[in-house]
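Number of protein chains: 2
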Amino acid sequence: MNEKECSMKEALMFTQRVGQLSKALWKSIEKDWQNWIKPYDLNINEHHILWIAYQLNGASISDVANFGVMHVSTAFNFSKKLEERGLLQFSKKENDKRNTYVCLTEKGEQMFLSIMEEYNPENSSAYSAALPIKNLYGKFPELLEMMTIVKNIYGENFMEIFEKSFSNIEDTFVEQNGQLKHKEPAPMK
Amino acid sequence: MNEKECSMKEALMFTQRVGQLSKALWKSIEKDWQNWIKPYDLNINEHHILWIAYQLNGASISDVANFGVMHVSTAFNFSKKLEERGLLQFSKKENDKRNTYVCLTEKGEQMFLSIMEEYNPENSSAYSAALPIKNLYGKFPELLEMMTIVKNIYGENFMEIFEKSFSNIEDTFVEQNGQLKHKEPAPMK
Numbered sequence: 014m015n016e017k018e019c020s021m022k023e024a025l026m027f028t029q030r031v032g033q034l035s036k037a038l039w040k041s042i043e044k045d046w047q048n049w050i051k052p053y054d055l056n057i058n059e060h061h062i063l064w065i066a067y068q069l070n071g072a073s074i075s076d077v078a079n080f081g082v083m084h085v086s087t088a089f090n091f092s093k094k095l096e097e098r099g100l101l102q103f104s105k106k107e108n109d110k111r112n113t114y115v116c117l118t119e120k121g122e123q124m125f126l127s128i129m130e131e132y133n134p135e136n137s138s139a140y141s142a143a144l145p146i147k148n149l150y151g152k153f154p155e156l157l158e159m160m161t162i163v164k165n166i167y168g169e170n171f172m173e174i175f176e177k178s179f180s181n182i183e184d185t186f187v188e189q190n191g192q193l194k195h196k197e198p199a200p201m202k
Numbered sequence: 014m015n016e017k018e019c020s021m022k023e024a025l026m027f028t029q030r031v032g033q034l035s036k037a038l039w040k041s042i043e044k045d046w047q048n049w050i051k052p053y054d055l056n057i058n059e060h061h062i063l064w065i066a067y068q069l070n071g072a073s074i075s076d077v078a079n080f081g082v083m084h085v086s087t088a089f090n091f092s093k094k095l096e097e098r099g100l101l102q103f104s105k106k107e108n109d110k111r112n113t114y115v116c117l118t119e120k121g122e123q124m125f126l127s128i129m130e131e132y133n134p135e136n137s138s139a140y141s142a143a144l145p146i147k148n149l150y151g152k153f154p155e156l157l158e159m160m161t162i163v164k165n166i167y168g169e170n171f172m173e174i175f176e177k178s179f180s181n182i183e184d185t186f187v188e189q190n191g192q193l194k195h196k197e198p199a200p201m202k
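From first to last, the protein sequence lines stand for chains A and B.
Numbered per the numbering used here, the first sequence spans residues 14 to 202.
Numbered per the numbering used here, the second sequence spans residues 14 to 202.
Worth flagging that the hints you see were computed from the coordinates, not collected in a lab.
The hints are all genuine.
Reference excerpt, derived from the structure (chain A facing chain B, CB under 10 Å, subset only):
| hint | residue |
| --- | --- |
| 1 | M21 |
| 2 | L25 |
| 3 | F27 |
| 4 | T28 |
| 5 | V31 |
| 6 | A37 |
| 7 | D45 |
| 8 | W64 |
| 9 | V82 |
| 10 | M83 |
| 11 | P145 |
| 12 | K164 |
| 13 | G191 |
This structure is a prediction, so every number in the text was calculated from the model and none was measured.
Cβ atoms here follow ideal geometry from the backbone N, Cα and C, with glycine treated the same way.
Sequences and hints are given; from them, build the entire structure.
Okay, structure coming up:
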């Protein structure tokens, strides 16, 4: 087997490995995510938009599309639906009149925070599946290989928002009686 | 911060980490996969069914649903469409009259092998994104954390088929003139 042959097969096998694993993992996470937000009559894209708008304290449609990994038209259409339900409002920024920004209304923020407060790790298969790793190593897997691959596909900016979302959770929520509660009415205001 | 509080936040942050990463990774892989099979007028589920039928040298609808991570009804309906196109045939096994099995027709196998032969790693974002890791460590990332999580969600049997698919590629394909070619008309017959 020459080097070229080896490398072509290696490439196919890696593509297949990462493809099968990410399909299987995402399908499981998707199901749990849908169940989590079902009582609020939201789909995953809509919830993701609320999440991004909350995290960024207002986001452009292009931010929503990038960080939510959806088409710009999908981001726009679902944002419009959220606006019609009074959960999101559209605006322009003083220093950027060209882009449309979305931010949570009071009602949208309340809904977002209620959903977070109802988060229950026991309903997450990926969480349960990762527990044996946590029990062995003392912390959850960092998924560094997966993170590096995602970073190399989507860029540094994507990862910055990704990391920022964790410090927001860290800063914004406390646990009371086995439930997450937000500390303040809104982050970074 | 007490231990419980820490663990609840840790759980949410891990769930979010694995959720965002797997959504982003899968959406990229899904796009590349769709582009790869587009010339054959197949969707991802249909191609996945052909792939599983090829790998297992005939598979029950329940195998297809399990290993393809799709509902049984989805597996059945798309298998029917493939049958109508003359790519798949339904049968019963001598030693198992209760389950419906699907296997590739000659035409289905030809199509599957053509698609494999047209595989081009340069069209895979995940492959390109993993190359820096290969260049650094001398091999592609093994994604062991991701694999363990998927194993704990879907079970040992799922992983056995998963691993088997790699040895099938190893045994069945050679590289000629920068393209994958299958060695024999069909594997394991």
